[in-house]
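Using the sequences and the hints, build the whole thing.
Protein chains: 2
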Amino acid sequence: MVEDKLKGYRSFLRELLNKVGAEIGDEIELRYDNKRIRGILLPRSELEDEWHIVLKLSNGYNVGIRYRKDLSIKIIEKKKAVLAAVKRESLKIREDLPKVHILGVGGTIASRVDYTTGAVRSVYTPEELAEMFPELIDIASIKTKIIMNKYSEHLRASDWERIAEEVAKSINEGVDGVIVMHGTDTMHYTSAALSFALQDLPVPVILVGSQRSSDRPSSDAALNLISAVYFASHGPIAEVMIAMHENTSDNSVVLHKGTRARKNHTSRRDAFQTIDDLPYARVTNGTKIEILVNEYRRRDKNRKLKLKANFSDKVALLKFYPNFDPEIINFLVDRGYKGIVIEGTGLGHIGEYTFDAIRYAVSNGVLVFMTSQCIWGRTNLRVYDTGRYLLKLGVIPLENMLPEVAFVKLMWCFGQEDDPERVKNLMLVNIAGEITPISTPVEVM
Amino acid sequence: MVEDKLKGYRSFLRELLNKVGAEIGDEIELRYDNKRIRGILLPRSELEDEWHIVLKLSNGYNVGIRYRKDLSIKIIEKKKAVLAAVKRESLKIREDLPKVHILGVGGTIASRVDYTTGAVRSVYTPEELAEMFPELIDIASIKTKIIMNKYSEHLRASDWERIAEEVAKSINEGVDGVIVMHGTDTMHYTSAALSFALQDLPVPVILVGSQRSSDRPSSDAALNLISAVYFASHGPIAEVMIAMHENTSDNSVVLHKGTRARKNHTSRRDAFQTIDDLPYARVTNGTKIEILVNEYRRRDKNRKLKLKANFSDKVALLKFYPNFDPEIINFLVDRGYKGIVIEGTGLGHIGEYTFDAIRYAVSNGVLVFMTSQCIWGRTNLRVYDTGRYLLKLGVIPLENMLPEVAFVKLMWCFGQEDDPERVKNLMLVNIAGEITPISTPVEVM
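Top to bottom, those sequences are chains A and B. 1 is the number of the first residue of the first sequence in my numbering; add one for each residue after it. 446 is the number of the first residue of the second sequence in my numbering; add one for each residue after it.
Just so you know, these hints were derived from the structure itself, not from any lab. This structure is a prediction, so every number in the text was calculated from the model and none was measured. We treat Cβ as the ideally placed atom computed from N, Cα and C, and that holds for glycine. Among the hints, a few may not be true.
Stated by the list, open to error - What follows is a list of derived Cβ distance ranges for each label pair:
#, chain 1, residue 1, chain 2, residue 2, range
1, A, Arg335, B, Gly810, 17 to 27 Å
2, B, Gly619, A, Asp250, 55 to 65 Å
3, B, Lys523, A, Glu327, 47 to 57 Å
4, B, Lys588, A, Asp313, 51 to 61 Å
5, A, Glu295, B, Lys588, 54 to 64 Å
6, A, Arg94, B, Val738, 54 to 64 Å
Claimed, not checked - Quick list of in silico lysine to aspartate or glutamate cross-link-like pairs, EDC-like style, CA-CA up to 16 Å:
#, chain 1, residue 1, chain 2, residue 2
7, B, Lys501, B, Glu474
8, B, Lys595, A, Glu352
9, B, Lys837, A, Glu50
10, B, Lys759, B, Asp863
11, A, Lys314, A, Glu417
12, B, Lys519, B, Glu460
13, A, Lys314, B, Glu772
14, A, Lys392, B, Asp494
15, A, Lys392, B, Glu495
16, B, Lys523, B, Glu472
17, A, Lys150, B, Glu797
18, B, Lys759, A, Glu327
Structure, rendered in structure tokens:
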């Protein structure tokens, strides 16, 4: 296949770029209306319009300049970006260090624009990772594998199954820890899924992402990945965790519990929080581990992993709100759903105008569970009439399980069991820290 | 109608209570299995079972004792609760103070069990309020009105319309401020609804609730209500606000913006938080006001209120999650929905397996808006391919509008306008603080 040197550019702009001999990866200058703007010519995707030239500026940001009649283009340096990418040192992997596998799922972390082929590309050979994050080769003996390359919003239950199987494969090869590089959007759903699918873990399994891509000066990718690899190599806790920035300063990373984490900010580097609990640990400057909890499963390579990587599709999560249309519940019942997790208000309430639909669901054998959209705190259906009536209808409250986690767990339960009564019992038992005791160590909000 | 002295008790237990001559409101002692438990006999609702006697203990908690063969009952004091309720002092309302109307919608605040008639009862005459919260009569000249008595999870758009109309009626009578006593579960939905429905407010409109009922020792009802009435009387800000505890200590209340508040804890007294912004003000010890923002609409009784209290039913809020069933979107489109607000992941993303359904919605003239389930932070559909593709599909991002607020606003917009293009434009304009500028004053999480 011949490579398109002007990938994604069409009509007017393609002609204009062709005329001056510009190619993807060149540093060019655009001039118009007495303005000048300089940057590396980026490729475009087919989804985008034909009216913009996109440049990567020296500060790392991309900018799109719209076509206009007075636009002129000057080439500053040919193939600047590609030349930069070639200057790779050959790096040695030290076999005496702890063995860590880094599995690539996708996302912002460890991806960068490939100036020659277009779009964001995952960088995942040990050499490439070491080039981007040279500290890594002094921490662990790393093997990398790209499982898939998807933004995390596109992941489905079948992807969780594949990730769990690949993690299990690595563990069965005797590694000291596994890193999963993952987009942050649904990282807490995947961490919950892995927490249920990977039982009796012998070593740490750490999901790591970044909120800013590695080619931006404010990127959190390096510290998150280095801290995660350090913990995977030396940390004592064998659980599924999420490693992300603890706060806005760039020196500490916390390891959130896989079933108690949530992405609570669209863009901040410390977007993830542990809800109603403490994170397992803190890693400062990528080299110092502090354990923050009293109880955890200790690393033990002799422990035999149990892989239970099946998730059912016939489960839904429904957020209740004023004027909620109960026909949505009836619709799911008629579509053959086996279980519904509701995000109620407050202690776990829903409006009386939904009670008939709840009755319909329960009488058709659909399990209906209650969580709270408050996020923090515990459901309690025994305080008010509404709650007590919901109990009578057969609604099952889930303590302080997060709605997202309850949903993932219910998919997992129906992946293990067919009998609703057994699924119900499984839902009410704490399996992977998803239900914390009533006296939580901290009341963080 | 003859009053049932054993309201809600049936079969065995009713016979047993009758035999000793016990009535609702009596202090009784239950004895069984060498245990004794003493409390006031409470009535029961028809929703409940026939096997439990419910007592209010002296610490304010209710307890249910299950029928058993060895259960015996002794009367300690006849009609103890009713006698207590009769000892009312006659209280003077001072007409020289600022005029405040207190409108009752329902909820935990200012409600207590009526031991003679059953169930939780709203206490709402000025005298009753003054009896419960004697500080009030020194702050304002109060008039009270019960609009309805519903737990807030049962409220619908038609209730918002009625509340808005009643607030407008009070304002048109020339009051200095209006208090709406409201359940906390959906108080932030109602505050958003009132923020859009009541335009050009001349005086403060303050929703106030409590997380613990007034008859419990740890109740937040008194401080919340007293602070709200104080601000309604003396505060300079004429906006729709929510008055609730600022933290776990019992001395400060904050006034949250009606369109930026959220209930973020199921049970804590400081459950409400202002998201990505500062609250308008703080009231300390019910008597000291601090304004926390630079810009606000000042109180001005000459300003003419515009009442726009119409909300459309044909609007839905949908939370996206991995494995989300796109048929739910198709179902809503086929049911004639006019607009859908999606809670996407991260910056405002949804999985590619929903794109066909989005296309179907848009091609049928349904407006599809994007918000984020992260709660904090701003949507941005220009950073990643997924977002840019959603823009191409016609999805409209809503800056940092909260999902719940976006949903209420869309109902309100379709209550004002039929034309989708005008609704779209209205959604993108900041009307009542629901969109804050990009440089927010604080990055609170």
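Structure versus earlier hints, numbers of those that do not hold, lowest first: Every hint satisfied by this model.
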